[in-house]
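Protein chains in written order, with this note's numbering: chain A, 974 to 1078; chain B, 974 to 1078; chain C, 974 to 1078; chain D, 974 to 1078; chain E, 974 to 1078; chain F, 974 to 1078.
By construction, these hints were calculated from the structure, which means they are not laboratory data.
These figures come from a predicted structure and were not determined experimentally.
Just so you know, not all the hints are guaranteed correct.
[To be verified] Listed below are several chain E residues computed to face chain A (Cβ distance under 10 Å; list not exhaustive): (1) D987; (2) V990; (3) T993; (4) F994; (5) I1001; (6) G1005; (7) L1039; (8) L1069; (9) L1072.
[What the hints assert, rightly or not] EDC-like, lysine to aspartate or glutamate: derived pairs with alpha carbons at most 20 Å apart: (10) K976(A) x E1034(B); (11) K976(B) x E1034(B); (12) K976(D) x E1034(F); (13) K976(F) x E1044(F); (14) K976(C) x E1071(B); (15) K976(E) x E1026(C); (16) K976(E) x E1071(C); (17) K976(D) x D984(A); (18) K976(E) x E1071(F); (19) K976(E) x D987(E); (20) K976(B) x E1044(B); (21) K976(F) x E1071(D); (22) K976(F) x E1034(F); (23) K976(F) x D1004(D); (24) K976(A) x E1026(D).
Yeah, the Cβ is synthetic: ideal placement off N, Cα and C, and Gly gets one too.
Now for the letters of each chain:
Number of protein chains: 6
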Amino acid sequence: MRKARADRFLDSVDASVSSTFRSLASMILGDGALSAREKALIALACSVALRCEDCTRRHMEQARALGATREEMLEAAAIASLIRMGSGLNTAAVILEELDDSAAR
Amino acid sequence: MRKARADRFLDSVDASVSSTFRSLASMILGDGALSAREKALIALACSVALRCEDCTRRHMEQARALGATREEMLEAAAIASLIRMGSGLNTAAVILEELDDSAAR
Amino acid sequence: MRKARADRFLDSVDASVSSTFRSLASMILGDGALSAREKALIALACSVALRCEDCTRRHMEQARALGATREEMLEAAAIASLIRMGSGLNTAAVILEELDDSAAR
Amino acid sequence: MRKARADRFLDSVDASVSSTFRSLASMILGDGALSAREKALIALACSVALRCEDCTRRHMEQARALGATREEMLEAAAIASLIRMGSGLNTAAVILEELDDSAAR
Amino acid sequence: MRKARADRFLDSVDASVSSTFRSLASMILGDGALSAREKALIALACSVALRCEDCTRRHMEQARALGATREEMLEAAAIASLIRMGSGLNTAAVILEELDDSAAR
Amino acid sequence: MRKARADRFLDSVDASVSSTFRSLASMILGDGALSAREKALIALACSVALRCEDCTRRHMEQARALGATREEMLEAAAIASLIRMGSGLNTAAVILEELDDSAAR
Chain A
974 MRKARADRFL DSVDASVSST FRSLASMILG DGALSAREKA LIALACSVAL RCEDCTRRHM
1034 EQARALGATR EEMLEAAAIA SLIRMGSGLN TAAVILEELD DSAAR
Chain B
974 MRKARADRFL DSVDASVSST FRSLASMILG DGALSAREKA LIALACSVAL RCEDCTRRHM
1034 EQARALGATR EEMLEAAAIA SLIRMGSGLN TAAVILEELD DSAAR
Chain C
974 MRKARADRFL DSVDASVSST FRSLASMILG DGALSAREKA LIALACSVAL RCEDCTRRHM
1034 EQARALGATR EEMLEAAAIA SLIRMGSGLN TAAVILEELD DSAAR
Chain D
974 MRKARADRFL DSVDASVSST FRSLASMILG DGALSAREKA LIALACSVAL RCEDCTRRHM
1034 EQARALGATR EEMLEAAAIA SLIRMGSGLN TAAVILEELD DSAAR
Chain E
974 MRKARADRFL DSVDASVSST FRSLASMILG DGALSAREKA LIALACSVAL RCEDCTRRHM
1034 EQARALGATR EEMLEAAAIA SLIRMGSGLN TAAVILEELD DSAAR
Chain F
974 MRKARADRFL DSVDASVSST FRSLASMILG DGALSAREKA LIALACSVAL RCEDCTRRHM
1034 EQARALGATR EEMLEAAAIA SLIRMGSGLN TAAVILEELD DSAAR
């Protein structure tokens, strides 16, 4: 596999910054109340939500290495897309609030 | 109406910056190949797409002042939300590309 | 035309999910209070606002197929870019609010 | 609980749009290869990744109703924040690519 | 000053995660090739670029504590807003690329 | 250097729009309370924060032309990535606010 771009950046900055970021990532993505496998699927979905293709590739590889199936990964990605739409609907509701406000004046 | 936050910022920076930004906005939002009314609806939809509540309020007022109806505004906002989901689906497709790549290796 | 990435994803997930998403998109983008042509221009602008290149290509093709001109498409895209800046100006105003708050203390 | 803003918007648009969106959401968030409980945690993380407070509240309630614990929810939210940083690091790597390019010229 | 929301979250998660994140932030924001004062202004601008109001408040306080002036802070925030528009213009250019492609076919 | 995409778009729209945008950019990025060099580094960091690769390339070239060093550019980019995470942590705190609210009921 080609070296991920984020890794290339981390290898170029101050060594204490990279090692601290990598520790942080290991802590957040390692087994805890949620398993590393569940966390990898969450990381994959967040990568899609943020529309980061490099991240999607990385966390997908991680998820597969931990046993996630194709179906689980596709379902996680669909959730990410849905939340993108849902978040827009919440902002769209501002229109109704303004219409009410002006009707009440 | 309370003064919009963007206006408050513009009133506080260098006067040439504010007047240039305001000229730019007038040019981009004024009648052209598209009418100012169509443009206000597009601006409203983009405000929802970007999830900016202040912008949504501002461009909604503008759209109404130019004769846009409630139904037109709600339809524009629904499009914005839909594109948020569609953009996520394009990133989600990276998963399939990676699965193909690894199957081909 | 190459198959759009979003379509590839939809073709890979559960068939009821894809057909429901496609129905939703047809309803939201079809003729209503706004014409399908006006909606395609709004969808194009939202694609630019969200910085989704795949979406920009798709909705631009749709807009052209429905008769939108080059000038109309460029104007819609300029609005999207403007709203991106305007949304930043609203957040920038937080600086002034904080300066006021601390002056008032 | 107060009515969520997204629901208010959906209740105001064409009934076929709302019912189709709600069907889509039910399909994507219901039991599948992943359980509804796992999906609610993924939806919660995506809500944080997208910085949507209304969404965070909604999917958190859903996650709790399906038995997710405080620790699981906090872990999911931490992943979302981490991926936000990781996605920035991938873009930051562009700087190194450009430095290489110019050194090679 | 009220406790920042990010701090409240960090105080609630695993202590090793919070202390590692805080170390990372100190390293990245402390004196280096750029001074802590220059970095605080950069952090402020990035907060505006990302439209995070809590972040804007926090990094503005930091910038002021390190001696940044009102004018410097407003200039940094204006840059953030400008880059938001510039980034949209890059995506808008996709329209021209597609028009060329179809003219060439 | 190949022509930047944003420039190609600007060269295709109404000449008064392009020249006004370019004036605005010159004013915002020119010497002021902050030097053009400091501003170029801020613009670079905002480009990374917004994950715009074209912008990162452009503002990096600008920063280098004004004398910014590799170390300064990498430090600015690391700040951008950090603020992306910090902004997520502020949204994550919504979970704690909701847990408190429901405990208080």
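Contradicted hints - numbers only: Hints 7, 8, 9, 10, 12, 13, 15, 17, 20, 23 and 24 not satisfied by this model.
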